[in-house]
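K.L.:
Chains as they are written, first to last, in the numbering used here: chain A, 8 to 226; chain B, 263 to 585.
Just so you know, the hints here were simulated from the structure itself, not pulled from any lab data. Since the model is a prediction, treat every value here as computed from it, not as a measurement. Treat the hints with care, as some may be off.
Stated by the list, open to error - Away from chain A, derived, C-beta distances all over 10 Å, residues of chain B: (1) Lys352; (2) Tyr357; (3) Ala408; (4) Pro450; (5) Pro479; (6) Asn503; (7) Arg543; (8) Lys553.
To be verified - Computed footprint of chain A on chain B, listed as stretches where at least three residues anywhere in the stretch have a Cβ under 8 Å from a Cβ of chain A: (9) 294–302; (10) 438–449; (11) 560–573.
Built from N, CA and C at the ideal position, the CB exists for glycine as well.
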Amino acid sequence: MTKNGQIHRHSLVVRLCHWLIALSGLLLTFSGIGFMPLYGRFYLNELPGLHWVTHFQTQMNLHYLAAGPFIAACLFHLLYHWRRGEFALVPQRGDLKESWLIIKAMLMKGQEPAHEKFLAEQRIAYATFALTIGVLSASGYFLAVKNTLGWHVAPQVLQVIILMHLVFTFLFLLQIALHLGAFILKANRPLFASMFNGRVTLSYAAKRHSRWVKRNRIR
Amino acid sequence: MKFSRRTFIAGVAAAATAAAIPKSRALARTSPESWATLIDLTRCTGCEGEAVPRCVSACRTKNAARFPEPDPAMLKDYWPKDFHEDWSGKRDEIYRLTPYNWLFVDEVYLEINGQDQRVNIPRRCMHCDNPPCVSLCPFGTAQKDADGPVRIEPSLCFGGAKCRAVCPWNVPQRQAGVGPYTILDPMPVGGGAMYKCDLCRDLLNRGETPRCMTACPEQAMSIGPREEILALADQLKKDYNGYLYGRDEHGGTATIYVSKIPFEQIDAAIIEDVNPKKAMRFHQPENEGEKQHRRASVALLAPLAGIVGAFAATIAAKGPKDD
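Work the whole structure out from these sequences, hints included.
P.N.:
What follows is the structure, encoded as structure tokens:
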């Protein structure tokens with residue numbers, strides 16, 4: 008697990024899955040926002056190479072194109088870790104309280120509680136992401152099935168589903184902003200590199216994720 | 263990768279799902295009992311001699327209470343763009359579709375067998391079988407009822423005018439200063455609300471006939487169950503040795519025109535004086551939704567790919583636990 012003063016944190020499968028979800032999620036968000044006539048209004052289509060962004064059918068094609076890898080990767084992630092019994096990101100009792108202590112410590116430069124592999128707030132963020140992605144995927148999938156198979160759905164039901172998709176898109180955007188915003192805090196930055204190379208330094212892990220390091224050593 | 267009973271079952275499920283997705287075009291299933299309308303151009307006189315064709319007049323009177331009443335303070339440009347769409351000062355406009363005029367009669371002059379001929383064409387929403395305005399509205403305010411009519415719910419419409427952009431006939435029309443976007447002002451979102459013919463939805467619910475049809479002195483327009491209207495259209499086509507438009511175009515619509523003159527000829531006359539992009543034409547638009555069918559089908563198989571992939575990966579690689 009440890010090599011050259013570094014500790015293995017994320018396997019290649021985990022990193023690939025993460026980046027597939029991230030990239031397809033960004034494409035889905037970009038094309039999804041493109042369904043609202045915002046890009047033309049704000050002259051995005053006048054930027055070099057972006058004349059196509061106001062073509063709604065192209066955005067729809069892009070949305071379908073990105074939806075496949077996104078949904079596949081999300082389901083892969085759930086089943087893969089479930090089958091391997093890897094549940095470290097699932098929220099635990101007391102996570103809300105612990106999150107508050109972590110934020111307080113980071114802001115007041117105090118002592119953070121000892122962490123497992125993931126911070127309590129990461130587990131909470133994971134759960135909210137999972138809920139948002141679940142609603143977006145289910146509603147989006149339903150709409151794709153409807154459009155493909157020509158289902159007739161009661162207009163009121165359809166409207167609720169479309170609005171749900173829209174509202175959760177904005178929640179998804181907010182969560183992405185918070186997810187990326189977490190790296191503004193210096194204490195979180197080593198985790199960013201670990202999403203590329205899969206490793207963190209042992210000294211960082213021992214300092215911040217001492218419970219995880221201890222458990223790994225015992226193992 | 264090792265193959266086991268599980269992976270085999272997953273593979274069979276994948277193949278079965280792929281086979282279950284129909285290969286045909288993505289047509290909305292329009293029931294034979296749904297409403298369809300027929301417009302017989304050989305009968306329409308455009309109410310010659312009258313200031314306003316009676317169908318137009320009846321439509322305006324019937325729907326007057328539903329016409330937009332904009333907030334004057336909101337009649338301002340869609341920042342950062344320097345325009346806004348306000349028809350409230352042009353409510354008398356009857357020669358095109360506007361938020362205050364959901365039906366108009368186009369007049370086209372053609373030379374047929376060396377003789378000048380005027381063709382009068384009542385134009386309104388075609389009520390497509392597979393309407394892109396419905397499948398692409400980001401707020402779900404454009405809706406298609408099971409019995410055929412396509413309608414827009416203006417109280418929930420932000421007036422982005424996307425429905426008009428994707429409509430091959432440029433039907434929905436925008437009025438600024440109304441709708442939920444006014445609540446969000448000064449946030450630069452929305453532009454009003456969209457308006458169009460809903461085939462007198464309320465009258466249909468009560469078993470009555472749309473006003474434009476009852477007002478027509480020539481009985482140029484009729485409505486009935488789809489199968490009956492299609493049969494009638496075929497019969498008239500035969501009787502006139504004529505042509506149909508709207509039955510198959512754009513994947514099918516609930517508005518069938520019958521004419522003795524080829525529609526290509528009428529279309530050429532329509533775009534003689536009007537910008538083709540803004541005209542209500544008799545062209546052959548493709549239904550983009552149908553073209554997207556294959557891409558959507560691939561997306562529909564995605565869950566299966568994820569499930570099969572996860573089982574395959576966990577069977578193939580039983581490495582150390584990653585937490």
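K.L.:
Does each hint hold? Answer for all of them.
P.N.:
Results for each hint:
| no. | hint | in the structure |
| --- | --- | --- |
| 1 | Lys352 | holds (23 Å) |
| 2 | Tyr357 | holds (27 Å) |
| 3 | Ala408 | violated (5 Å) |
| 4 | Pro450 | violated (7 Å) |
| 5 | Pro479 | holds (34 Å) |
| 6 | Asn503 | holds (34 Å) |
| 7 | Arg543 | holds (19 Å) |
| 8 | Lys553 | violated (8 Å) |
| 9 | 294–302 | violated (count 0) |
| 10 | 438–449 | violated (count 0) |
| 11 | 560–573 | holds (count 12) |
Going down the numbered hints, you'll see the structure goes against 3, 4, 8, 9 and 10, while the others check out.
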